[in-house]
Amino acid sequence: MTEPALPEDVLRFLDQRIETVPHLETLMILWESGSAWDAGNMAVRIYLDPSTAGAILRDLRHAGLAITTDEILFSYDGTWDHTRLMMARVAHTYRQNVARVAMHIHGRGSSSVRKFARAFDMKKER
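Taking the working numbering, the leading residue of the sequence shown gets 321, the next gets one more, and so forth.
FYI, nobody ran anything at the bench for these hints, they're computed from the structure.
Predicted model, so just to flag it, every value in this text is computed and none were measured.
For each residue, glycine too, the CB sits at the ideal point set by N, CA and C.
Treat the hints with caution; some may be incorrect.
[To be verified] Quick list of simulated restraints, FRET-style, between CB atoms:
| hint | residue 1 | residue 2 | range |
| --- | --- | --- | --- |
| 1 | ASN361 | GLU323 | 34 to 40 angstroms |
| 2 | ASP329 | ASP369 | 29 to 35 angstroms |
| 3 | THR389 | GLU352 | 19 to 25 angstroms |
| 4 | GLU323 | ILE387 | 32 to 38 angstroms |
| 5 | HIS402 | ARG381 | 17 to 23 angstroms |
| 6 | ASP369 | ARG409 | 26 to 32 angstroms |
| 7 | ALA422 | TRP400 | 20 to 26 angstroms |
| 8 | HIS426 | LEU405 | 25 to 31 angstroms |
| 9 | GLU323 | GLY360 | 35 to 41 angstroms |
Starting from the given sequences, assemble the full structure and let the hints guide the process.
Shown next, in the form of structure tokens:
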């Protein structure tokens, strides 16, 4: 029996806003905890070094998914989720399909390749 397809809206979110699996896991930690995190504490939680965790937190801020007031503590920014349901759908989909979601994220190519391709998409839209 084949597994049902991953929800299109979740795949679209992953494709547009999430660079790597650690980005998704960091976002989920921020969302679920409801508290602010610094790079050191997040690094312990996601099993990466503090500089990598800090870069991920800054990437999430740049993507409009996290906020910070002092460049040290980051928290979830839910203003992008107008229905307040999408992040719950993303988290549920990831929990139920960890391997499939991870394979989807890994299978997209590097972020630099995707950014390069998006530049051509934007030119087509003009």
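How the hints compare with the structure:
1. ASN361 <-> GLU323: 34 to 40 angstroms: holds, 35 angstroms
2. ASP329 <-> ASP369: 29 to 35 angstroms: holds, 33 angstroms
3. THR389 <-> GLU352: 19 to 25 angstroms: holds, 21 angstroms
4. GLU323 <-> ILE387: 32 to 38 angstroms: At 35 angstroms between Cβs, range holds.
5. HIS402 <-> ARG381: 17 to 23 angstroms: holds, 19 angstroms
6. ASP369 <-> ARG409: 26 to 32 angstroms: The hinted range 26 to 32 angstroms holds for ASP369 and ARG409, with Cβ atoms some 31 angstroms apart.
7. ALA422 <-> TRP400: 20 to 26 angstroms: This hint holds: roughly 22 angstroms between Cβ atoms.
8. HIS426 <-> LEU405: 25 to 31 angstroms: Given range 25 to 31 angstroms: holds, Cβ gap about 26 angstroms.
9. GLU323 <-> GLY360: 35 to 41 angstroms: holds, 38 angstroms
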